[in-house]
Amino acid sequence: MRELFPAKQVWGFVLSLALTAAALLVYFFNMSRATGMTIFIVTAFIQAFVQLVVFMHARETDDSKSIFATLYYAIFIALITVFGTLLCMIWGWKY
Amino acid sequence: MGYFAKFAVPHPSPAIYASMIAIVVTVFLIIFGLTYFKKWIYLWSEWITTVDHKKIGTMYLIAALLMLFRGGVDALMMRAQTAVPDNKLLDSQHYNEVFSAHGVIMIIFMAMPYIMAFMNIVVPLQIGARDVAFPRLNAVSFWLFFMGAMLFNISFVIGGSPDAGWTSYFPLADNEFSPSVGTNYYMIAIQIAGIGTLMTGINFITTILRMRAPGMTLMRMPMFTWSAFVTSIIIIFAFPVLTIALLMGTMDRLFETKFFAMTDGGMDMLWANLFWVWGHPEVYILILPAFGIFSEIIPTFSRRNIYGYKSMVISMVVISLYSFFVWTHHFFTMGQTAYVNSIFSITTMVIAVPTGIKIFNWLLTMWKGRIRFTVPMLYSIAFIPLFTIGGVTGVMLAMSAADYQYHNTMFLVAHFHNVIIPGVAFAVLAGSTYYWPKIFGFMLNERIGKWAFWFLTIGFSLAFFPMYITGLDGQARRMYTYSEASGYGLLNFVSFIGAAFMAISFVLIVYTIYYSIRHSPRHVGGDPWDARSLEWATHNPVPEYNFAIIPQVDSREPFWDAKYKRYELFKGDYKKIHMPNNSGVPFIMSALFFVFGFALVFSMWILAVISLIGIFICMAHRSFEIDHGHYISVEEIKETEVKMGGNHK
Ligand code: HEM
Ligand SMILES: [Cu+2]
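Taken in sequence, the protein lines are chains Z and L.
End of the first sequence = 95 in UniProt numbering, gap-free, step of one.
End of the second sequence = 649 in UniProt numbering, gap-free, step of one.
Hints in this document: simulated from the structure, not taken from any laboratory.
You may find that some hints are simply not true.
Straight-line distance between alpha carbons at most 25 Å, and here's what the computed BS3-like set of lysine-lysine pairs gives [what the hints assert, rightly or not]:
| # | chain 1 | residue 1 | chain 2 | residue 2 |
| --- | --- | --- | --- | --- |
| 1 | L | 258 | Z | 65 |
| 2 | L | 643 | L | 575 |
| 3 | Z | 94 | L | 563 |
| 4 | L | 638 | L | 563 |
Simulated coverage check for chain L against chain Z, where a stretch passes if three residues somewhere in it have a Cβ under 8 Å from a Cβ of chain Z [as the list claims (entries may be wrong)]:
| # | segment |
| --- | --- |
| 5 | 334-344 |
| 6 | 370-382 |
| 7 | 525-536 |
Treat the numbers as computed from the prediction; the structure is a model and nothing was measured.
Glycine residues also receive a C-beta, built at the ideal position from the N, C-alpha and C atoms.
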């Protein structure tokens, strides 16, 4: 029975619904911009991770090592690009 | 008549009218020729619908040579205009259009497809595969590039050329300052070609990771395959930025959004930022495969294996990562604080280190080698010192404080031509000569090729070294003329002579091809250069299935070992071979992209919607299509192998 019931997938499904509901709160409740954005960003990243691991089977194949390596590489470059842009367009901007 | 007025060229000149006539005549001649020689079916079934990586590569090669011609003519016009002070050959508007077209065509529609040509032709052969991972997608890539290039190229006769530079900085590129449709062409044509490039990146990563012959571990891959792999990774991370930037620019121009506007919360310099987030990695996308080509040629003609294989690989991987950390060096003068500039100065200088490592490795490969001075080797030898000068001036530009002096002068122009011509252009010309027998089955004439090489090298030096001096003297780039009193006249005239030399070299290259088609002996065997890697282990030209038997790899230079150490590459018997089927859909879909792009350029919404629907139908067709490919039988393989003078079994 244990093997037949896709517990992990059901959990993943429930979790992703809960995360979506959490993000919806921002719409229904009146909160500051900063709080709202924080909730968005945090739930979005957890959501993406859940999808990758549970539904896209990122951990289950034998090439999972390279999948995660690519993922970290991508995140790293994205962070550099975003923060580098902020650095030269806003924080380090003189005029 | 009113409806068609928008297709008129806003700044016509006799040269443009002459080009219109020339284009019409050429198209007519092509159609007539194809009909007269009954080649339509051949063209459709052998080329347009092909999914064969070798044929797609060949088409990239031909397209790149055509674009080299177009970009070269632009270059000659610019150098002719600036040859003497106060010249009136081109007015300022035309000069703007010409240098904008020149930059875009040379980078996006010449260098890129030329690199793609080699990736397509060489990589599957080097890893002992029968095709790329997604042959159909590969055809889509090519045709998207081709249609993007055609869309860009018709701009100067229909509606007007882009005139805001190849960098197309906002706010200049916005409707207010660039009212003609020219910049729409820029945004949309590059977008279409860029989507194709992105697909190529995905395709080659998968190919290289998944389709290597048994025994070929990552650290046994030939240098060119490594460079193609690293380049594909950069493509995947860099091109999406361009896609979005172009999309935002298109929205600004077509729908009056304000992403890059100076008002309403827009940020004009954000374009420059996004452009170079893509643009700097892009220059490495061009140079790494060029390095790869040199790394194939130098060992072959030195009769030695590449020195420092591991450090070559590591430095490429490091470059691919670093290339994302330096983009701000393109706008040191934009308005950031010295603190920000210092950070990017340092990252930029650091990137010269892995590049330097590679230079030393090539030198050490030649050290004590038995060098044969063939045309490809001449290009490779000239590349090393010339490229090094370009790298050194790059490091000069990287010092942000000093860059306030160099920025946007001819010094900068000299720098990037100094890295791109000896780096990329020499590499693809060397590669063309080197791989010509692989593609077409005969060699290019060496004697004429050497003349072309000398004309190009001397012409390059004459054309670009004077710019370092005029640049330091303050001659700004992109100025259509200068006064007598500035004193730039003499050196600019030298540049013009250099440009003329380079034009002669191009003519010689075309003549070599013509001469060799007529006079070169056929049947040169599989390995005319006494080379080392797997692409030479099969026949010339390569049969459809590449290798009758998939090679078994046991070292870094399996083919060399097979020749000289009696290593057995092809074990086992012939088996039937599974190959993908041809398809016309990639061409049709890309043609629809062309129509879609054209409709967007002129804001013809109904046509745009119709062609977009067509594009989606093509995609849906692919999703529901059942296509299992076809088999080549053992008898057929035997027949082909015997006909080709099979050197195995
Ligand atoms: C040693 C490595 C290199 C360094 C340190 C370097 C540094 C720089 C810097 C600082 C600039 C901006 C200067 C300015 O705008 O004032 C620049 C511009 C440029 N570089 Fe390099 N570079 C290097 C290699 C290359 C290579 C290998 C290529 C191409 C294959 C290349 C192509 C270009 C292009 C196309 C531009 C600017 C074009 C434009 O503004 O229109 N560079 N380089
Ligand atoms: Cu750069």
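The hints, checked one at a time:
no., hint, verdict
1, L/258 - Z/65, "violated, 42 Å"
2, L/643 - L/575, "holds, 18 Å"
3, Z/94 - L/563, "violated, 64 Å"
4, L/638 - L/563, "holds, 23 Å"
5, 334-344, "holds (count 8)"
6, 370-382, "violated (count 0)"
7, 525-536, "violated (count 0)"
The earlier numbered hints that this structure contradicts are 1, 3, 6, 7.
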